[in-house]
Amino acid sequence: SPVMEELITFHDHAFMAMSLISFLVLYALLSTLTTKLTNTSITDAQEMETIWTILPAIILILIALPSLRILYLTDEVNDPSFTIKSIGHQWYWTYEYTDYGSLIFNSYMLPPLFLNPGDLRLLEVDNRVVLPIEAPVRMMITSQDVLHSWTIPTLGLKTDAVPGRLNQTVFTA
Amino acid sequence: MAAAPEPGEPKERKASCTSLHLSYWKAFKLLGFLDVENIPCARDSILYGSLGSIVAGFGHFLFTSRIKRSCDVGVGGFILVTLGCWFHCRYNYAKQRIRERIAREEIKKKILYEGTHLDPERKHNSNSSN
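One line per chain: the protein sequences are A and B, in this order. In terms of our numbering, the first sequence opens at residue 1 and continues consecutively. In terms of our numbering, the second sequence opens at residue 1001 and continues consecutively.
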């Protein structure tokens, strides 16, 4: 999904920044360990201190700006077509489609013995959540007992199911 | 000892020299974690950065004959050239992805509306004839 693509782009950007910083720190470490120069009476180093204050601030701003952009992008609500409620239990999910009638069902994971050839182990369930494509869906997520998390990794979605709290995520499959 | 495969799970493939070689080659990560093969533009940026580092460091050494300072210049050159190539390549990559998405959606619209009054080609032809 577009949100997941943006997340991957941001990951690549932050990863490259982190790699270059690691490389620079490694080089600085090797330089310091291998130098023969010593000065036991250093009192100040204004230029160096200025550089190592301003440069990390710039790097942090360069990482923070795309991060905040994606944060607000993922929170956008684009007039959802309908709403599904998802309630976490130990250890199954209950889904409620209540917009056009009342459809409530439990979704249990299929044990490996019940899988057919080609089925995905630990992912297949007895009753799947059916979502429309190209239509914004609002998912209200909560929990009956302990903390759970509802996620679709390929769509870049992950929302915690907190007992006593209703979390919302809007996405377009 | 590996556990017996459960029903439905694919059987293990026999390791062969080619697959081992390929799997070793696929696992290459710079500094142990930078996946230059699967991140777009990473490989090119690192290679151009290395080239820039060698050129800058060696050039500095030729003019000044100072080894340590030339190494510092080389590292600085590596970082600057890598960053420059990275942003340039990612910008072009993002533009290309946008063009691909627009093309995909236009093809979908064309397939969906071909022959109807919403056909994008018909609209375009009527605009150009007017």
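There could be a bad hint or two in this list.
For each label pair, taking beta carbons as the anchor points, the in silico distance ranges come out as [as the list claims (entries may be wrong)]:
1. A:T38 x B:I1067: 40 to 50 angstroms
2. A:F114 x B:R1101: 31 to 41 angstroms
3. A:P111 x B:D1119: 29 to 39 angstroms
4. A:F114 x B:H1088: 15 to 25 angstroms
5. A:P112 x B:H1088: 43 to 53 angstroms
Derived by calculation from the structure, the hints in this document are not laboratory data. All C-beta atoms in this analysis are idealised placements derived from N, C-alpha and C, irrespective of residue type, glycine included.
Results for each hint:
no. : hint                                 : in the structure
1   : A:T38 x B:I1067: 40 to 50 angstroms  : violated (19 angstroms)
2   : A:F114 x B:R1101: 31 to 41 angstroms : holds (40 angstroms)
3   : A:P111 x B:D1119: 29 to 39 angstroms : violated (51 angstroms)
4   : A:F114 x B:H1088: 15 to 25 angstroms : violated (52 angstroms)
5   : A:P112 x B:H1088: 43 to 53 angstroms : holds (49 angstroms)
The earlier numbered hints that this structure contradicts are 1, 3 and 4.
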